[in-house]
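**Student:** Here the protein sequences come in this chain order: A and B.
Heads up: the first sequence begins at 1 in the numbering used here, then just goes up one per residue.
Heads up: the second sequence begins at 1 in the numbering used here, then just goes up one per residue.
Simulated from the structure, these hints should not be mistaken for lab results.
C-beta: ideal position from N, C-alpha, C; glycine also.
Misleading hints may appear alongside valid ones.
Ranges of calculated distance between the beta carbons of each label pair, as one might list FRET restraints [stated by the list, open to error]:
(1) Ser16/B x Asn110/A: 32 to 42 Å
(2) Leu245/A x Pro122/B: 56 to 66 Å
(3) Asn8/A x Phe193/B: 55 to 65 Å
(4) Asn8/A x Asp114/B: 39 to 49 Å
(5) Asp7/A x Lys188/B: 24 to 34 Å
Calculated pairs, DSS-like style, for lysine-lysine (alpha carbon to alpha carbon, straight line, at most 25 Å) [what the hints assert, rightly or not]:
(6) Lys128/A x Lys55/B
(7) Lys95/A x Lys271/B
(8) Lys228/B x Lys5/A
(9) Lys55/B x Lys95/A
(10) Lys273/B x Lys84/A
(11) Lys182/B x Lys186/A
(12) Lys273/B x Lys76/A
(13) Lys188/B x Lys106/A
(14) Lys188/B x Lys72/A
(15) Lys72/A x Lys271/B
(16) Lys95/A x Lys270/B
(17) Lys179/B x Lys72/A
(18) Lys106/A x Lys182/B
(19) Lys72/A x Lys177/B
(20) Lys179/B x Lys106/A
(21) Lys188/B x Lys84/A
(22) Lys69/A x Lys182/B
(23) Lys271/B x Lys76/A
(24) Lys270/B x Lys76/A
(25) Lys179/B x Lys186/A
(26) Lys76/A x Lys188/B
(27) Lys271/B x Lys5/A
Some chain A residues well away from chain B (every beta-carbon gap over 10 Å; in silico) [said to hold, decoys possible]:
(28) Asn8
(29) Ser12
(30) His86
(31) Glu89
(32) Leu99
(33) Gly100
(34) Leu151
(35) Thr169
(36) Asp175
(37) Arg204
(38) Lys216
Given next are the chains, with one letter for each unit.
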Amino acid sequence: MSLLKIDNISYSYHNLEGETHALANVSFEVLDGEFLAIVGPSGCGKSTLLSLIAGLFEPSNGFIYINDKNIKTSGKNIGYMLQKDHLLEWRDTYKNVTLGLEIQNKLHENSYMQINELLNTYGLISFKNSYPSELSGGMRQRAALIRTLLLEPDILLLDEPFSALDYQTRLEVSDDIWSIIKKEKKTAILITHDIAEAISMADRIIVLTDRPGSVKSVFEISLNIKNKTPFNSRIAPEFSNYFNLIWKELNNNEQKV
Amino acid sequence: MSRKYRKVKHSSANVSATQKAYVKHHINRMRKIRITQFLILISFFLLWEITTRLKVIDPFIFSSPSRVLKTFIQMMVDGQLFFHVGITLLETFASFIIVIVLGIFIAVILWWNDNIAQIFDPYLVILNALPKSALAPVFIVWLGNNMKTIIVAAVSVALFGTIINLYTDFINVEEDKIKLIKTLGGSKADVLFKVIIPSNIPSIISVMKINIGLSLVGVIIGEFLAAKSGLGYLIVYGSQVFKLDLVMTSIVILCVVATGLYKVLSVIEKKYK
Ligand SMILES: Nc1ncnc2c1ncn2[C@@H]1O[C@H](COP(=O)(O)OP(=O)(O)OP(=O)(O)O)[C@@H](O)[C@H]1O
Ligand SMILES: [Mg+2]
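Extracted from the complex, chain A is given alone in its bound form (with noise of 0.2 Å):
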């Protein structure tokens, strides 16, 4: 059963230079627990459509449906994670983790163990009293990850979470988060500009095309390894094909400009 449902949205933002139209008929399904990837051309409004699903705003035009509910009646949970960690640097780890629970004042006497749970589990509890500034790059995504997932979202939306990193951390962190949404089972959508990172993590990739956005295709992705985990998906057979495929798609999308 589908998780949630995107039924022919656009949108359209508006200033005094004119309107820009980021996003139009976009149309898809995210089925419960699946890990959807979404690739575009810079610029194709994938961001908005994330904004969009979180309801920071709304659609021009279109639904948006969890579980055939309105985002907004439908009590589901959304987490979404930006492109930076944006821990804030005058509260220490522990207290940039709980911010989300602090907020929705969820911060209860019983949290205190799940808290201490979540940063053992991701290797940060000696880093708990540490300020974001002490923490490296990998560590600061985990710290941002366990602040979204403390909220409990039903679906985690990743908008370019690994982009701010270097290539071998970008490699470890996407193992770490990749490993941690599979084990709380979550429904994630991961927007990248990194084919792939798409093909390691996804089950399932939506190319975009250029500004307006809309559904260009879909790729469902099977890869016939055992132990599945990002780094080892790089090595299956069909990840080339996938790939090229995929890498084609998005280039006769930008020629077309």
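Dock chain B with the ligands against chain A, hints included.
**Tutor:** Okay, now just chain B with the ligands, sitting in the frame of chain A:
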């Protein structure tokens, strides 16, 4: 970053000879600067004392360090010193606190409501540009010859710049930090208290540092025009009755007070860095 810093400190147990030489050179240079600063101060007072003693300049008009010292001791003995310094400090602190509280409060309102900000923008610019000493006589007429006038005058000197500075810093907070709070389900009040205010603590402190000086300027202007006490009053009174010893002593005390206030805020600022 601070981890790296710790490492550097740690390795200082076995510093190289060149590092030692560098540090030594630095310490020497700082020592020379301090000595020169001290010499300038001493020679200034010496020159002042000698030229007045030799009657190169008129000690009646210019006073002299020994006369200043004598006046200072006398003022301390009869309690005048503490009284006048106390009044000036009281007025300065009162205006300072009013400016900070009112400044933050109004800046928050402007940040909260864009329409209000745009409507009041030209008025703030005018009020900020206006030389506030022009208003002081008006305040005397309206409020009388008293401490209220002095505090209002001092507040008017510092308030508008404070509002404009803080508001500008508030609206320049990274857009994505605000988006973060919203993605976590936060309201506008959460944005204010979790991001806008805490991220602007350094800028609030630097505004305070500027304002303590401005409040003192405002208070002295106020005391020139409407007071029976305070350092500003002593300076004006002294010059009117040609007690230049009193004027010079008050100015020297004012130097010390101003520096003291500035230092206090520098210490607070360091604590937050
Ligand atoms: N607040 C805004 N006001 C006006 N136009 C905007 C605004 N935000 C985004 N846009 C425009 O809408 C289009 C889509 O923006 P969006 O950020 O969704 O693209 P994106 O696919 O995430 O791009 P990127 O890959 O570079 O992150 C872009 O052309 C952008 O310039
Ligand atoms: Mg984007």
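**Student:** Decide, hint by hint, whether the structure agrees.
**Tutor:** To see whether the hints hold, each was checked on the structure:
1. Distance hint check for Ser16/B and Asn110/A: the Cβ-Cβ separation is about 54 Å, which falls outside the suggested range of 32 to 42 Å.
2. Leu245/A and Pro122/B have their C-beta atoms about 59 Å apart, which keeps the hinted 56 to 66 Å range intact.
3. Taken as a hint, the range 55 to 65 Å is violated for the pair Asn8/A and Phe193/B, whose Cβ atoms sit roughly 39 Å apart.
4. Under the hint 39 to 49 Å, the C-beta atoms of Asn8/A and Asp114/B, about 33 Å apart, miss the expected range.
5. The hint said 24 to 34 Å for the Cβ distance between Asp7/A and Lys188/B, and at roughly 30 Å that hint holds.
6. Our distance criterion of 25 Å between C-alpha atoms is broken by Lys128/A and Lys55/B, whose separation comes to about 71 Å.
7. A distance of roughly 20 Å separates the Cα atoms of Lys95/A and Lys271/B; the hinted pair therefore holds under the 25 Å criterion.
8. A C-alpha spacing of about 77 Å is found between Lys228/B and Lys5/A, which places the hinted pair above 25 Å, so the restraint is violated.
9. For a cut-off of 25 Å, the pair hint linking Lys55/B to Lys95/A is broken: about 69 Å separates their Cα positions.
10. For the suggested pair Lys273/B and Lys84/A, the alpha carbons sit about 24 Å apart, so the restraint of at most 25 Å is met.
11. For the proposed pair Lys182/B and Lys186/A, the alpha carbon gap of about 21 Å is at most 25 Å, so the pair holds.
12. For the hint linking Lys273/B to Lys76/A, the alpha-carbon distance of about 41 Å lies beyond 25 Å, and the restraint is violated.
13. This hinted pair checks out: Lys188/B and Lys106/A have alpha carbons roughly 18 Å apart, not beyond 25 Å.
14. Under the criterion of a C-alpha separation no larger than 25 Å, the hint pairing Lys188/B with Lys72/A is consistent with the structure, at around 18 Å.
15. For a cut-off of 25 Å, the pair hint linking Lys72/A to Lys271/B is broken: about 45 Å separates their Cα positions.
16. This hinted pair checks out: Lys95/A and Lys270/B have alpha carbons roughly 23 Å apart, not beyond 25 Å.
17. Proposed proximity of Lys179/B and Lys72/A is supported: the alpha carbons are some 18 Å apart, at most 25 Å.
18. Between Lys106/A and Lys182/B the CA atoms are separated by roughly 16 Å; this keeps the pair inside 25 Å, and the hint holds.
19. At most 25 Å may separate the alpha-carbon atoms for a hinted pair to count; Lys72/A and Lys177/B meet this at roughly 23 Å.
20. Taking the CA atoms of Lys179/B and Lys106/A, the gap is about 20 Å. The hint holds against a cut of 25 Å.
21. For the proposed pair Lys188/B and Lys84/A, the alpha carbon gap of about 21 Å is at most 25 Å, so the pair holds.
22. Our distance criterion of 25 Å between C-alpha atoms is met by Lys69/A and Lys182/B, whose separation comes to about 22 Å.
23. At roughly 43 Å between alpha-carbon atoms, Lys271/B and Lys76/A are farther apart than 25 Å, so this suggested pair is violated.
24. For the suggested pair Lys270/B and Lys76/A, the alpha carbons sit about 45 Å apart, so the restraint of at most 25 Å is broken.
25. For the suggested pair Lys179/B and Lys186/A, the alpha carbons sit about 22 Å apart, so the restraint of at most 25 Å is met.
26. With a CA separation close to 22 Å, the supplied pair Lys76/A and Lys188/B stays within the 25 Å bound.
27. Proposed proximity of Lys271/B and Lys5/A is contradicted: the alpha carbons are some 52 Å apart, above 25 Å.
28. Consistency note on Asn8/A: stated as away from chain B, and its beta-carbon is indeed over 10 Å from all of that chain's, at 24 Å minimum.
29. Every beta carbon of chain B lies more than 10 Å from that of Ser12/A, the smallest distance being close to 19 Å; the non-interface claim holds.
30. Listed as outside the interface, His86/A is inconsistent with that label: its C-beta sits roughly 5 Å from the nearest C-beta of chain B, within the 10 Å cut-off.
31. Consistency note on Glu89/A: stated as away from chain B, yet its beta-carbon is not over 10 Å from all of that chain's, at 8 Å minimum.
32. Not every CB of chain B lies more than 10 Å from the CB of Leu99/A, the least distance being 6 Å, so the non-interface label is violated.
33. Separation of Gly100/A from chain B is inadequate, the least Cβ-Cβ distance of about 4 Å not exceeding the 10 Å criterion.
34. For Leu151/A, the condition that its CB be more than 10 Å from all CB atoms of chain B is violated, with the nearest at approximately 7 Å.
35. With a cut of 10 Å on Cβ distances, Thr169/A stays outside the contact zone with chain B, its closest approach being about 17 Å.
36. Here Asp175/A stays apart from chain B, with its beta-carbon at least about 24 Å from theirs, past the 10 Å limit.
37. At roughly 24 Å from the closest C-beta of chain B, the C-beta of Arg204/A stays outside 10 Å, upholding its exclusion from the interface.
38. Lys216/A, annotated as away from the interface, keeps every beta carbon of chain B farther than 10 Å; the closest lies near 27 Å.
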